[in-house]
Amino acid sequence: IDPPFVSHCSFFYLNGFLRAASAHQTALQLQEQVKLFEAEYRRFALKKKGAGGFQEFYQLLQTIHRIPGVDVLLGYADIHGDLLPINNDDNFHKALSSANPLLRIIIQKRDVDDSVPFPTGSLQRRKKGLAGLHQPKQRSKPSLLIGLPQDFRQISSIIDVDILPDTHLRVRLHKHGTNKPLGFYIRDGVSVRITPQGVEKVPGIFISRLVKGGLAESTGLLGVNDEILEVNGIDVAGKSLDQVTDMMVANSHNLIVTVKPANQRNNTMHRASKTSAGNSSAGSGGSALSHDSAPSPASQNTSQYSNSVAEGDSDDDTDLIIENDNLSTYTPHRMTNGSGSHANALSSSAFAHRPLPQSVSLPSSSSLSSLTTPTHNGSPTKTSSSQESMREDGNFITL
Amino acid sequence: MMKFRFRRQGNDPHREKIKQDLFAFSKTVEHGFPNQPSALAYDPKLQLMAIGTKSGAIKIYGAPGVEMTGLHKDTAAVTQIHFLYGQGRMLSLLDDNTIHLWEIVQRENRSHLVELHSFNLPGRPGIESTSATRVTVMLLKLSCDLLALGTEGGGVHFLELPTLTLLNKSLFQDEIMQSVPEEYKCGKSLGPVESLQEHPQDSDKILIGYSRGLVVLWDLNSRHVVNLFLGKQQLESLVWERSGNSFVSSHSDGGYMVWAVSSSNPCTHDPISSTIPYGPFPCKAVNKILWRTTELGAPLVLFSGGMPRASYGDRHCLTILQDSSHVTLDFTSRVIDFFTIHCTDKEKEFDDPSALVVLLEEELVVIDLQMAGWPTVPAPYLAPLHSSAITCSCHISNVPPKLWERVISAGQQQCPLQNYENWPICGGKNLAPDPKQKELLLTGHEDGTVRFWDASGVSLKPLYKLSTASIFQTDCDHNDSLMQAGEEEWPPFRKVGCFDPYSDDPRLGIQKISVCKYSGKLVVAGTAGQVIVMVLSDEKSDHMIDVATVDLLQDREGFTWKGHDRLPPKSGSVVFAPGFQPVVLVQCMPPAAVTAVTLHAEWNLIAFGTSHGFGLFDYHRRNPVLARCTLHPNDSLAMEGPLSRVKSLKKSLRQSFRRIRKSRVSGKKRAVVYSPTSKVQEANAQLAEHDAEVTPVQRRIEPRSADDSLSGVVRCLCFADTFLRDGTHHGPTMWAGTNSGSVYAYALDVPSQEKFSEQSVEALLGKEIQLMHRAPVVSIAVLDGRGNPLPEPYEVSRDLAKAPDMQGSHSVLITSEEQFKVFMLPKVSAKTKFKLTAHEGCRVRKVALSNFTSVSSEEYSENALVCLTNLGDIHVFSVPALRPQVRYDCIRKEDISGIASCVFTKTGQGFYLISPSEYERFSLSARVITEPLCRVDVERPHDLSAHSPTLPPQANGTHKTQAESKAAETEELLYEMRSALSSPVLDSPNSSADITLDTTGELTVEDVKDFLMTVDEAENNFRNIAEEDGRPPGILIN
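So the sequence lines, in the order shown, correspond to chains A and B. Read in the UniProt record's numbering, the first sequence has 138 at position 138, and its numbers run on one by one without any break. Read in the UniProt record's numbering, the second sequence has 792 at position 792, and its numbers run on one by one without any break.
Hints should not be assumed to be uniformly reliable.
[Claimed, not checked] One side of the interface only, derived from the structure: several residues of chain B facing chain A at Cβ under 7 angstroms:
id, residue
1, Leu-765
2, Lys-767
3, Val-828
4, Ala-838
Simulated from the structure, these hints should not be mistaken for laboratory data. The model shown is predicted, which means the values in this text are computed figures rather than measured ones. Note that CB positions come from ideal geometry on N, CA and C, so glycine has one too.
Looking at chain A on its own, in the form it has when it is part of the complex:
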């Protein structure tokens, strides 16, 4: 029977080798996985310098997995856990550079019918696995390769165009729960406002510079000297530079800034043409720009004022709570006379081997649950639980 899809997974080390014990262990577990999900796992090493180009690598994988001639899509998990495609020399080298030292490559049989692309979400959040790994048909041709929008991870969005004035821009920066710098600086300044009384100078907050290669710069939506009007729906008027800094940092996991761009030339033409398209399409025009189904700032406000934290808060600001299940129920004045430090040592070791509790909601998919994440230090890994993949090096990862 032909399975709906075959997912292959390769691990390989760059200039590194698996330790015998762990390799053996992993292999055993892999066997089981293969049976369950029709998947195959390979682990191999590759010299970083002699890696060659994409085509070479593609053929190497086909050889390793013994699937010559099968049309496959390649993807890899980057350091943030996002699934990104490998379909040309550039992103192949990028993939190699992100190996640490292990790189997880996901190989998937190309399925013409399924067109679900690489999602914008991260690997962790992915609902549909690799099913739609798609590549343009022209891949084999030597002509220029242009990635499709779905091959990219969303890093920012323009939102609320329908309710904001033409001169303002509301930008949402996606950090994807990583520690990648937002990459911009703000400064004090003087803003000129037109009021019924005439032109008035008021203090304002401006973007003073963008860090090269940072998130803010890469969006292209924020520019130097843009005036910041709001941070996550809160007016910054009357607030000091330090206050605005603290507000932005506190909201950094989901930062929405409303700016008045210094360069107003870009949007007037654009908007004008859009409004001429007719009122009926105004809504769709807006949604075309805002890819993001982000909660509107109004509902942001709601959550700010209500103070209540719903179970499974939509806000991704969930704290990590690690419980010690081994806590015996309280027995008043236990008679055992063990030393305190001993008991503590026991409890903390129990701690380390315990899966995360259910209170941490982890979206998992069938294809993902089949993947294993070997820990870098080669310690024994549990494959039974996908949640275990949240843990690395014995440190706790926040969600």
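Guided by the hints, dock chain B onto chain A, whose structure is given.
This is chain B only, laid out in the frame that chain A set:
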């Protein structure tokens, strides 16, 4: 839709009314010693003392509890103050050459200090330099109708009082010069006026002393020179002898002269006697001299300065001389001014001084001149809080009478003279009712002492001083021998005052204090990782101290402590006076400063934390229970210690290298060469740009990362009897929060009271919470089923507090620098939260749970979370709903030490340091206010206060109008509320567990409404804003 625009959450009138009854902000009183005093005055009729400061404040003190404060509009130093005797008025001279008239007025049956008007001496026509009209001395005539001003230019001007109008009869030097003999003139000017003194018997005559040494007795009525005294030594001050037959002048060479005044000889060349008391070697100037006659013997001579320049030129001394008695009071800070309290009755023949009051830069010293040996009199106010720098403070409200008495008796044994009955300055009446409860303020100091202050009332009185230095081996032990040697020397020095800014060893500094007020146990933790458990004892004791060392690194590798060593404890037994006596000393290793400490006397446990981890210690069995390292692997700064210079050197080196690199790269940038090396440089430049120091006006927007330095610092610790294991069994728990937003919760197994000795305490890690935003955890508090904070240990078992609700589900309130969050227990699921920083852009600095009682009903109270932010404002939130209630500006945001020193009380008051020596006391509660309530009765001929409607500007610059104005207009609502609260309700309205519907059911409903309203309003608000900003007014399409 527009009508919603300006409506905000919480505009419900009922709730607003309740809030008004609960919360009101006022800065009430300043405790301690005024910072940088610059002037002193005394009114013998009203028995009031006034102190002026360099910041332009004037403070009046009388009997204990009688305090008034005035603040000049300009922040110029007050250089002189003079009372209009008996009138309740005074004149102040400022640094900017302005003269201000102040008056004590009665308002609402209490006295206030109000400025009436001011005067600025106009420049003399023809003389360019303004310094000529600079006032050097002022003389207020006893009749209080004339003010004489001596100036730098040597002129004397006269003003009419109390109107402060310049009279056209100024006296200039040329007029004096006509009577001066030729040989004395020698072409030089007489110099500035140094002293003006009214003749004690004949009020028409004044003595004018010029800097060059000439002294003139001048008749005001006939405008002629009565006597000339041709002094040849530079003059510093003058004082009359009571009879008016002679006067004394003090001089810059360290000497003083006695001059006879006789009508027969208009021109005196030589004084009767001339003495340089500390000669013959050159001496410093005698700045001020007083000459007081006594009935029983020789006159008393008191003067400041005059010390031999070479050997004691740096001492701050005041000499008291009488016959053969000679005492040189040796102070630790500069003498600002001094006066004697003596008989001013004109009928009496002698001065008979009873006390000497000396204002020093850092303290006030009073000497009893009637008792043999001239002992010091302890002051009931103006306590020098900063006798050693304050390093921490701790407030205990509602002190049990038993502990209070024991602390007082311990204090009296230290300083037996501590009764304030013979305090000489006793004007005015204290109208404040006796405090309902006793309050203690504990201050930890740099020298390892803890001082206990009576903070129940307006004046902060010292009660007891505890020193921890005695249990350690320090270098300061030889001090006694030095003192012994001092007895023999000349001049006969006597150390007076307690201001001692020099710490023997900075490691002795107190960092944290925790007290159990019921069991009399105290934990004091210091800079070198020392944690000392003390027990209050009424008996003298001589015992060994148990020493335990707790390793907080727990075998973590790769860390080497580069900071200070631990303090070596004394071996053998140590004698302890009655009071708090150390029993156990726990020393943390590495010996970093203790950052958090807490005590549970019922469980015999202490918990302590440093920048490396935290520990739990059973002080009954002297047994460490737990030690946990909280260090992050990347944290290197934690190991360098506070005294290490490695950190700063490394940092500055790194920065300077970056600067060099950056400048080099930017210089080369113009030449674009695409070689591999240039690429490397480009990359370097980028790197440098990434982490170069930003200019002050720029701020980098970066989220908090996990490996921030000092992430392991333990910020707070707390004990609680709550549900950690499961929802049905509660038990002892211990909570710890760190700088990186981690919270550790331990379940403890504490043996029952009888088995303490045989069984050990055990701790088991129960929960670990990592706050997503990683901000430092400022406080942890467990709330019971009704949302009330858990009572203190022993409070319930001694029937002093209502038992907490152990049936309902408990919750834990975790406050980080950025957010407040309530988690349900035992599951630790988030229930409510408030993101302060995301909203307001401010960070939490200090936080406390306080209980606020309504002004309109004593039965109604609410618990609230009080929070001081880095901007110096105070926010109050309801608990556990975490809804913002009120916000007040309190401290200037630049005043970092003020914000850091703030401590809240359990009843909604607080203290913070406004200077190294002064606590500002403030109140957030509308009911609990500790402020001076006093009355000074005065009789004055012409009352000017009738036409001065302005409110008194207070030293702290706040006007307390809020409460007064509200009281009247909301009388109606008050009645309504009282009827609603007719039955006693102790619970907070936010908990609906066991509240009957007809009493606060209404409140609960309002709360819910409130909540629902907010959602809509917020949405509406937002839309409105967006629309308004977006479109020209008039085109409102939605």
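How the hints compare with the structure:
At a threshold of 7 angstroms, the smallest CB-CB gap from Leu-765 of chain B to chain A is about 5 angstroms, leaving the interface hint in force. Taking 7 angstroms as the C-beta cut-off, the interface hint given for Lys-767 of chain B holds, the closest approach to chain A being about 6 angstroms. The interface hint given for Val-828 of chain B is met, as the beta carbon of that residue sits about 5 angstroms from the closest beta carbon of chain A, less than 7 angstroms. With 7 angstroms as the threshold, the beta carbon of Ala-838 of chain B comes within range of chain A, its nearest partner Cβ sitting at about 4 angstroms, so the hint holds.
Every hint from the earlier list agrees with this structure, and none is contradicted.
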